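Asks: In case you want the letters, here they are:
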Amino acid sequence: MESLKKFLRNPMGVLGALMLLVVVCAAIFAPWLAPYDPKQRVEVTPEDILAPPDAQHLLGRDDAGKDVLSLLIYGARVSLLVGFTASFMSMFIGTTVGLVAGYYGGRIGNALMRLVDFLLVVPDLPQVLVIIAVWGRGLWKIVMVISLLGWTYTARLVRSQVLSIKERQFVLRARSIGAGSLRIIVRHVFPQVLPLIIAQAVLDISVSILYESSLAFLGLGDPTLVSWGMMLNFAFERAVSRQAWWFLLPPGLAIVWVSLALILIGNTLDEIVNPRLRTHHLFDARRMVALVAEGEAAAE
Amino acid sequence: MAILDVRNLSVDYLTDDPLAGSGRGSIALHAVENVGFRLEQGRSLGLVGESGCGKTTVMMALLRLLPQEGRIVHGQVLFDGQDLLQYSEAEMRQVRWRGISMVFQGAMNALNPVRTIESQMVEALRLHSIIEQPRAARQRAGELLQLVGIPPRRGRQYPHQYSGGMRQRAVIAMALACNPRILIADEPTTALDVMIQAQILELLEQLQAELYLSLVMVTHDLGMVAEICDDVLVMYAGMVAEYASSDAIFNNPQHPYTQRLLEAFPDVEKPGSTLASIPGSPPRLDDLPPGCRFEPRCQCQWREAICAQKVPPLVEIEPGHCVACHWARRI
Amino acid sequence: MERSNYILRKIVFSVGTLIAVLVFNFFLFRILPGDPVKLIIHSPRMTREAQERIRANFGLDKSVWFDVERLREGDVLGAFDSQFTTYMRNLLRGDLGISFATRKDVTELLAERVWRTVVLVLGGNVIAIVLGMAIGLIAAWRRGTRLDAAILLWGLFSWALPTFFLGIILLILARGHLPVGGMATPGLRPKDGLTYWLDVGKHLILPTLTMAIVYTSEYILIMRSSVMEVLTEDYILTAKAKGLSTLRVLRDHALKNAMLPMVTMIALTFGYTVGGAIQVETVFSWPGIGRLMYEAVQKRDYPVLQGSFLLLAVSVIAANLLADLLYTVLDPRVKAE
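Residue numbers (my numbering), protein chains in the order written: chain A, 164 to 463; chain B, 7 to 337; chain C, 36 to 372.
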């Protein structure tokens, strides 16, 4: 496809894709890549607690004596799972709302947009914090809450796109031959909106991952799973004073790695889908006059 | 002496070659080639041609306001005897608005929406030291607005509070603020309704007479040209097709393109006759023919092989009348 | 007139949002299974007195929303005497209940800590806004150059960096050079005077720095795209044609137009900075509202949690309203809607 070639020509996009690939492989091939199984009970001696890196444990051990590297690799699963599911759900909600609000407009449209404005104003992290604190911890609860608060950007984006598409020729033609609204939306409007949604979805995944890590760091992660945020929660409480940087840094760096990968991809996709003018009026005009000698000018 | 003497002006646009693949070579599109004209103080020139023929490019090149990809590769722009192409950017800033000012295409958006009309005019006045004192400058801004038929007290309003026609007039007033020698108007009446169009034209004519202003009108509307232009420069695909006085162009067009243009214009003496249009379209800049650029669409009876092979030179067939056509001069 | 109409609509919307938030959070704390209030009432650690206070405060003998029984009896006013109305009434009186963990008045707790968060958030934001706008402007102006690419990359990178992790990194780096926890060096007396406040100031450096770094990049990206859009507009070309130098065009034409959308964006970002404050205060043990919320979560201290959330929500809603109103003053186009 045309877009794929454009994507591959962008160094940022390619870098992001490769970085993401690393994480995805870690998640999928965790059982083979990780030297130890984090779920296995280990016999630990006091020296093993927060032990620094050595030959058997490349990233040392955590506050319970477990291998940090294995935890790190398995942690990829949680992050990607949360990221993709939350993003998918909020994309779904956001797109539906955006399509309805944009296409039907009127009172429904206005009401939906008021809802969007309302959700945008309420401070996100505090609200999520309160909900999880009261409702209880759990991966799916986190996914649900993140997606229920995160669909607003997509809704706005989709709606404004639908508004501009609505008046275009092919839609008017479809309506004039009596095509039903739903059919028009699905067959004509949606395909135009899809590229934008995909670009936004990728960015959304990184937002979801960052949210989950923040929640986990603050003590609200799923207690049955070990995510990078949770590792940082334990590390912060116990490893800082002991200067056990091998437990403290890798999970954070992993979060940055995957977020950055997604942001680079998302940004590149956004530039392809939403090409913006690459120049403006205030450039350095010194090269404008480039007089060529008599003979050469006529040659071409 | 001519206030403006443009000689052999050529402008290229650099583009990223989409076919280059991995190579990042850019190709130069020859948007304007070898364009020249003279403008005397107090006279008006109409620059005519289809969209994309390069007329706006020529004008922008005069003030060095081309987009980032533009390159002036050849020529001289003698303004009052001085070659502007030799000026530095700082020197150009002195010439802009003060010597030559411009009313852009779609001028209705040329005003900053969050500043009052008055403040934008005062800015021009104070920048070029026409009037330094703020109060006196505001006074003068009011006078200028009055000149174009806008009540001075409306100067304190914002652009969105003006109608399209008013905004156009305000832009013209602003362009005259520094008493320029030359005013370039690029499609000054497009997107305005007919009544307003007539008003604007009348205004320009009036100003030209009152202020002894030299006017350059870039347009595709021959009617406008017939009304107020003394001379006409017809451009096609970046090159000059014909250059003569308005009378000569309308009564004795020599270039086949000019002739077709005139034919395409509705004749009030022959209502009901079908409008003639010129079949085909101008050549793409990345695919220019080696010979006369109008040749593929030319239906002149004297067409021959040479037309497709060699670019016709611009020749003065009678005093003050130049044509670029292999056959025009033979008549 | 159109403008006052617009202002009125905005105020109504803000009030509506606030009420919706109140209702939702009330619902959250009462309806969900494992009603924490009821649980705490039966906790053996509660004194009789405290139990009575809580009971009265929350109106636990009353129905939650609406008393249908009383309505049937014809007591319309009485029907509205429910837990919800009790809650609203208390709110209007400034009574946010008592902390489960410390038995102190929630309002009191919030009042003594609020300025600490305000200083942090304001300090961080002011730096971030000023720096962000300046750098964003430069990046947009130098569009296409390596400087712009570098700034963009930095912006994207900071975006990917979780606030709390940046805090941790700074904490590790600054260890030994700058105070890394708490508000003041323990044991420093007296709790007043220059020495004390300078000490507090020192403790404020790292948290503020963290906030500033994270949010500067946010503002850089926003300002950059806003300026880029402005610089492609026709009036910029006109300004250039007038003979204005690039710097003057930027200052007299581009800046104001680019800053208008910034006003609304700053207000929206403010909501995020509040979330960032929670993380920063936790990492640096800065005893503000954010840290209070964190501790409340740990200790299941629901009144405190609810109260602090309310405070934060009100501030953010108010800030957004303020920004909207400010926008009407700044943008002349709003006058004629």
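FYI, nobody ran anything at the bench for these hints, they're computed from the structure. Warning: the hint list may mix true and false statements.
Derived coverage of chain C by chain A (criterion: at least 3 residues anywhere in the stretch with Cβ under 8 Å from a Cβ of chain A; other residues may be distant) [claimed, not checked]:
| id | stretch |
| --- | --- |
| 1 | 234 to 246 |
| 2 | 311 to 317 |
Ranges between beta-carbon positions, derived for each pair [claimed, not checked]:
| id | chain 1 | residue 1 | chain 2 | residue 2 | range |
| --- | --- | --- | --- | --- | --- |
| 3 | A | Leu345 | B | Gly229 | 48 to 58 Å |
| 4 | C | Leu282 | B | Gln88 | 47 to 57 Å |
| 5 | B | Gly170 | A | Asp447 | 29 to 39 Å |
| 6 | C | Lys291 | A | Leu167 | 36 to 46 Å |
| 7 | C | Arg335 | A | Arg270 | 40 to 50 Å |
Sample of chain C residues with no beta-carbon within 10 Å of chain A, all distances over it, derived [what the hints assert, rightly or not]:
| id | residue |
| --- | --- |
| 8 | Leu63 |
| 9 | Arg83 |
| 10 | Glu87 |
| 11 | Phe119 |
| 12 | Asn125 |
| 13 | Val149 |
| 14 | Val161 |
| 15 | Met294 |
| 16 | Leu357 |
| 17 | Tyr362 |
| 18 | Pro367 |
Owing to the predicted nature of the structure, the values given are computational and were not obtained by experimental measurement. By construction, the Cβ of each residue, glycine as well, lies at the ideal position given by its N, Cα and C atoms.
Asks: Hints numbered earlier in the text: which of these fail when held up against the supplied structure?
Replies: As far as the earlier hints go, 1, 4, 8 are violated by this structure, in ascending order.
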